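Protein chains: 2
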Amino acid sequence: MANPCGPLAVHLLICIALMLFAHQVAPAPVTRRFKWDVEYIMWAPDCQQSVMIGINGKFPGPTITANAGDVISVEVTNNLHTEGIVIHWHGIKQIGTPWADGTASISQCPIESGGNFTYEFLVDKPGTFFYHGHFGMQRAAGLYGSLIVNATDKQPEPFAADYDGEHSMLLSDWYHENVYAQAAGLDGKDKHWQWVGEPQTLLINGRGQFGCSLGITRDRRACDRRKKDAFCPEGDKSERCEMIRRSECGPFCEGTKCSPVAFDVEPGKTYRLRIASTTSLSALNVQVQGHKLTVVEADGNFVEPFEVTDIDIYSGESYSVLLKTDQRPSSYWISVGVRGRRPKTQPALAILNYTNSKPDSWPSGVTPETPAWDNVTRSKEFTYRIKARAGTARPPAAVDRRITMLNTQNRFKGHIKWAINHVTLSLPATPYLGAYFYGIEDVAFDATAESPDTYDRSYDIEKPPDAQAPEAMAPTTASDRVFRIASGAVVDVVLQNANALEAGVSEVHPWHLHGHDFWVLGYGDGVYEHERDSGKLNTANPPLRNTVVLFPHGWTVLRFVADNPGVWAFHCHIEPHLHLGMGVIFAEGMEKLRELNVPREAVTCGAAKSVAALPLAPAVAPSPP
Amino acid sequence: MANPCGPLAVHLLICIALMLFAHQVAPAPVTRRFKWDVEYIMWAPDCQQSVMIGINGKFPGPTITANAGDVISVEVTNNLHTEGIVIHWHGIKQIGTPWADGTASISQCPIESGGNFTYEFLVDKPGTFFYHGHFGMQRAAGLYGSLIVNATDKQPEPFAADYDGEHSMLLSDWYHENVYAQAAGLDGKDKHWQWVGEPQTLLINGRGQFGCSLGITRDRRACDRRKKDAFCPEGDKSERCEMIRRSECGPFCEGTKCSPVAFDVEPGKTYRLRIASTTSLSALNVQVQGHKLTVVEADGNFVEPFEVTDIDIYSGESYSVLLKTDQRPSSYWISVGVRGRRPKTQPALAILNYTNSKPDSWPSGVTPETPAWDNVTRSKEFTYRIKARAGTARPPAAVDRRITMLNTQNRFKGHIKWAINHVTLSLPATPYLGAYFYGIEDVAFDATAESPDTYDRSYDIEKPPDAQAPEAMAPTTASDRVFRIASGAVVDVVLQNANALEAGVSEVHPWHLHGHDFWVLGYGDGVYEHERDSGKLNTANPPLRNTVVLFPHGWTVLRFVADNPGVWAFHCHIEPHLHLGMGVIFAEGMEKLRELNVPREAVTCGAAKSVAALPLAPAVAPSPP
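Quick note, the sequences are listed as chains A and B, same order.
The opening residue of the first sequence carries number 0 in numbering that gives the first Met the number 0; numbering runs sequentially from there.
The opening residue of the second sequence carries number 0 in numbering that gives the first Met the number 0; numbering runs sequentially from there.
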């Protein structure tokens, strides 16, 4: 940081500390220990009282801040009465600690009600991360928080000198229907199948205002004034404005659980905004009224800086953007709205507050308008601009294996599921890692064969599954099969989107890989044809990421190196899509599993309970590349 | 049954079958196998849509019907996504199968999400039973159903000849707030502590009508007519009547999930009504308009028949009553209302329908009025009349141990708890049965001492805990300690009620014992003084039960023989009271545990996971009587 110190004397001590921290002390790696109680809490994230899963009595969970190279140790006690829990550290690679990845059925047994488990893992590099539940739909129930890893002298960030201070925004969406009911709907058969619909509220750092975008005013007079003009000019009879006119304004005062977040900044500086999205469903767009944003980080990786008026962010992604406080000292709207699906949810609002502006001068003018939800071209323009910053590792040229994954929405035994190559993921009761550890793959899941690594190319991605020619449409199956990946293999994954069940509809899916970053080699429309398209892939400066978007009726190609033995989920980060089976499992380097010190208590459940007493089976034979 | 056959020819075959069954065939004991999927379902038990825990897609769960001497085998698959489950077979003694008692933390590990467990147990005697979840508050979430064990020639019922047919009513109550929020409120500290309040609806066989006791009419005209007269005479401005006037009537037609139950009967017969209550909170009163009831069974035990106009039934209890269809052929209200707490819930209504009455002639006249909720004298009169039928086993005269249990509502670290001798039960993560089986009591729970078997007699039960003299008030503690009971011991338990936190308030608690029936030796007001009161106890014909009521500011004495090795809960059957710690644990005959064939998978969780690989520890030393 160039100069974190403003003119105010009161900040002096903090500034000294910050400067010491940023420039003069190379902090020695430490183990940072936390004790968390996970429990039900009554909370009003959007001013509507609801039960949520909280940590240490609060929502969202505590922000973890660490330095690159530190070890994080979180002792989690499960005080939920009947639910197991796990916590996934999104974006952390878990090098050598695959049992700490926090994925139920995959890396770990759920922490039992009344039990506890200590996650201990290295945060190997700086970046903007977060954590969340990864069991059932507990993320959507509120089990999440921020995880910020600061750069160090040993692992500096190339844009460190470009900013003076930072703020963090964890974005999410919130449903008034509880996740048990959401799951009941998604599990329903035939006419009982029920989609979750759009969220009621968008949240910024866990705060939103349901049914009242006027919540950010301080008093009724200001509210009434705003009703009259800024938000909704007289004569605007849109549903949104009618709703605003009907709505009550308060009391969304500061201090309540749903008062809007205000980020204080000083004029004439540059700020880093860390923005991460852990939405259940919504793709979001973030704007700061009157300010440009320069993107510098994506998913903990450095990107070639580029300037935009707004960013799109999909569930599972994170960005850092730099913002110059170069406008008239005042306060400005930060607006977060829905893209990619027809929005039924009001944009979330926060405030960028210049500290020397009048304390109760609230933002004026109209809130920034979210770009049209269905302007996919605009979304692609943003996404396609993201390139690795110079100095980023380049992908290996030689590829050992290519897996093509057709993304479809399928009918299956009266249910609606998402499927990859016509297989919908059905997770086992015994975590895969435990199954391999104890050598009981045969009883723990279907280990008779691997997941299919391509689909019948006569499948027409422009048509719904129901309209396919019979020979193109393999029968949909539910399976817990895995992809076995040999240690060290270089793997290309082609994500191939297709039409959903409804004609003319293809959805956006943000795919997230555990245990790895991957290079995003390219995107395209229509069907990926290797002979035609592989030459166009970007191997010069492809960005490294852990989450990547798959656009409607298009394809995305990514590459990763299987250098981290473990069982890793790769899945659509939309919670109800994963619930409906939209994911696959990579069992990577299982022949090296015995070299790891897997704690038995992490993997002893399901079928492993009856074999835990037995000596371990011989190590797994090497898998094909 | 004397004559199960009515005059109608269509019933002939059924009648022949029934007669064969009842009189001519001594059914050989069989194993009755069931497969259950436990899952979330969207249901409308009181016409309001809600998520519930269902079995095989329905609420309530399927009725199990068996013959005395049969073995029930239920393979339960847990399809809840994050919750474990257990199922308790209420009133079944689990002779030799203590791991099948279905109590989480006590007899068994929760069945994991995605896992399954087969409960297999003997139903050793005829009677009216039920089953329900016994983990967290899953009973209140809808996880329950009926379990009817028919008499056989080998195990006849003394009143078999007195009735012609039977119907079954499982009573429950229903909250619109989900159990996770209920638990969050009960777990809350200081001002965040929140009592669950009164239920929104009472259910009969899983059906009720929220906010509209007119739901039982078939059409709007009849509804409007009823609004005018029968229910609420003009001029009655009571809140109840105002609510009825505001309410909508339909469409509560037959076939919807919330239409009222109609029990068809033929005139001039006698019917056995099996009535069981699995309410979360409410004590209930059951009446049948214009009909008397003769009580013949309580909790699967025969009682000396006595005639009443209505019965009180507490959560955890069951009764059989005989009803003569000696009224004018018509249809009659069955009304179930709240007693013991100031009711805020409309009575539930069902219909006793004489089959030869006009099919759409609905009951006329005012529904039977529930006796005043606070008329405790009337409640006691009913309860005190219950005596064992001649021929019932009498209790042993020699008592090995007497445990006195003071029931208080206590403040504890900012929470409100229920406590026994100032100890509030806090269940461990490792089930006790597993802890004893693996010999890891020391790590699994506080085995350093036993639960206290009495309280300081200077405690004034007429005063709140806060008003006690300091020397009378032991500090409240939370503990998972047990009572160790030697095999074969004869144990007397004195339940001593006291004042709650609010001055002048003492609540009704129905106490339920697992693994046993007990003799109810007596009740009294005030403090039980052994020297003064023991001589008045009834050892001549005390009724056998598994649940017994403790009246406000009074005492109840019961006796049981510790003839069934296992770890058994003894607790208030009010779900939120148990949640707040109102129970104790009897670890009975643990020195005989190794003679039982405890399935490892039933008890391998919590601390047992890390020792499951080890050989079993030496058997437990005999415990003192």
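Keep in mind the hints are simulated off the structure, nothing from the lab.
These figures come from a predicted structure and were not determined experimentally.
Any given hint could be a false lead.
No copy labels: a pair is met if it fits in one copy or bridges any two.
To be verified - Heads up, simulated DSSO-like pairs for lysine-lysine below, C-alpha to C-alpha not over 30 Å straight-line:
1) K343 - K535
2) K343 - K379
3) K57 - K291
4) K153 - K535
5) K34 - K190
6) K34 - K379
7) K190 - K153
8) K591 - K386
9) K591 - K462
Verification of the hints:
1. K343 - K535: Cα proximity of K343 and K535: none, with 38 Å in one copy and 71 Å across.
2. K343 - K379: within (23 Å within a copy, 58 Å between copies)
3. K57 - K291: neither (33 Å within a copy, 55 Å between copies)
4. K153 - K535: Classified as neither; 36 Å inside a copy, 84 Å across copies.
5. K34 - K190: This pair counts as between: shortest inter-copy Cα distance 24 Å, intra-copy 45 Å.
6. K34 - K379: Intra 42 Å, inter 51 Å, cutoff 30 Å: neither.
7. K190 - K153: neither (58 Å within a copy, 49 Å between copies)
8. K591 - K386: Close neither inside one copy (34 Å) nor across copies (70 Å); limit 30 Å.
9. K591 - K462: neither (43 Å within a copy, 67 Å between copies)
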